[in-house]
Amino acid sequence: MVMQESTKVLLLSTNDTGGAGLYYLGIVEMLRKKGMDATMVVCNKYSDSEACVGVYDAHTRWGRIRILLNHCYCKMRKILAFGKTDKKYIMFDLQISMVSAKKILSLYGKRPDLIGVGWVTDFVSAKTIKELQKLTGATVNYSMVDNAPIGGGCHYPWDCQGYTKNCFPCPALAPTNKRAQKTLLFKHRYITPDMSISSTTNDINRAKKSLLFRNSKHIAHFTLRPNPYYFSKEEGRSFFGIEEDRYVIFCGAASIKAERKGFKELIESLGIVKQRTDISNVTIIVAGGECGDFPEEYDVRKVGKLSFEDLFRAYACADLFLCPSLEDSGPMMINYGVMAYIPVVAFEMGVALDIIRHKENGYIAKWRDVDDFAEGILYCMTNHDRIQSELKQINNQLMEESKKNNVWKSLGIEM
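Using our numbering, the first residue of the sequence shown is number 664, and each one after it goes up by one.
In short, the hints are calculated from the structure, not lab data. Cβ atoms here follow ideal geometry from the backbone N, Cα and C, with glycine treated the same way. Among these hints, one or two may not hold up.
Said to hold, decoys possible - Label-pair distances were calculated between CB atoms; the ranges are:
id	residue 1	residue 2	range
1	D1048	S901	17 to 25 angstroms
2	K1055	S901	18 to 26 angstroms
3	F971	N1046	27 to 35 angstroms
4	D720	D1034	47 to 55 angstroms
Unchecked claim - Cut-off 20 angstroms, straight-line C-alpha distance, at most; resulting in silico cross-link-like pairs (PhoX-like, lysine-lysine):
id	residue 1	residue 2
5	K828	K841
6	K765	K793
7	K968	K696
8	K1066	K1029
All chains should be modelled from the sequences, with the hints used to inform the complete structure.
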């Protein structure tokens, strides 16, 4: 099925904010600029974007009340379903649907040809998505913003292989709790082989092994597009009050204390780096709501939670971006770093495997190997001039590659 500009695209996401929400909002706005009829329907609308329709609008008092009540309801459902959980797996009750398929279509106001399913936890379930497919005959594509689509409740499986069989026993739950198994079987009734799944190569390799998607069409892809803001290095340094002659490292995460963000490993790696080289000229910018205990010898600037615009001032300021994430489908911070044209050091996971060319535009360290991550930092510092001279051409080639091999073409949309 080849779709034309008249193709109607419906994207589903719980929110239009946060990493996943902003990612999908960017996609729907990009499709509109290309002449496509694209709309995103969300459970909770926070933005002013005309490309997005919300079940509940945070701009109204009633909308804010409903969003709060729904949050409390979903949290209570999760507690009743799972009891105490191991937090590193980030469990949600994936059987929850806060709105019917007919309500979504009423808000959308059209009959979609393609339904893209993004981060929909606490919004719609696999059952609701199947009902949407039956009502419209639309092509359905699940997108792995994290690993929730393939499992029975976890968003990050780590080394658990339960999603390939029956999600029991679940390492996140008490040994006798079968809720994850029941949820996986619930989803298995509604996720059918005619539904495709798309994500980075790393996540698609998991999807291929999963009970739910092993017989589906698998679309491995990555998205690289120009950053929304660009600033000169001088502007970035001036904003953060950092001298022009210093070597600046940037790192950050919304939740630095979360195990999957790898900041424990990052701090260990920086400790190794200071033992092997002079770091008197190094400044580290750390963004996020929480900050770890970095080695005292470093000049560390803890800048807290940055606005979206100021985030790109930090990239402009930096000579190197560090992403120590251990479990992630992205993160988008890597994409932003690549398109800010600075080298990126990351562990072998997520989108890093698709857009970092080892020792060319960055360094991919062995998973959770702090010595190798330190080696990556040292490599990029030592080879800064050579990498910088080649990096723009490499990253622009990657962006062109992402345009040619994007998920929309794989789904039959000619743009």
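Results for each hint:
Checked against the hint of 17 to 25 angstroms, the C-beta distance between D1048 and S901 comes to roughly 23 angstroms, which is consistent with it. Checked against the hint of 18 to 26 angstroms, the C-beta distance between K1055 and S901 comes to roughly 23 angstroms, which is consistent with it. Our hint of 27 to 35 angstroms for F971 and N1046 holds, since their Cβ atoms are close to 31 angstroms apart. Restraint check, D720 to D1034: a C-beta distance of roughly 50 angstroms satisfies the suggested window 47 to 55 angstroms.
A threshold of 20 angstroms between alpha carbons decides the hint, and for K828 with K841 the separation of about 13 angstroms falls inside it, so the pair holds. Restraint check for K765 and K793: satisfied, since their Cα atoms lie roughly 12 angstroms apart, inside the 20 angstroms limit. Between K968 and K696 the alpha-carbon distance is near 31 angstroms, which puts this suggested pair outside the 20 angstroms criterion. Annotation: proposed proximity of K1066 to K1029 is violated, straight-line Cα distance about 29 angstroms (limit 20 angstroms).
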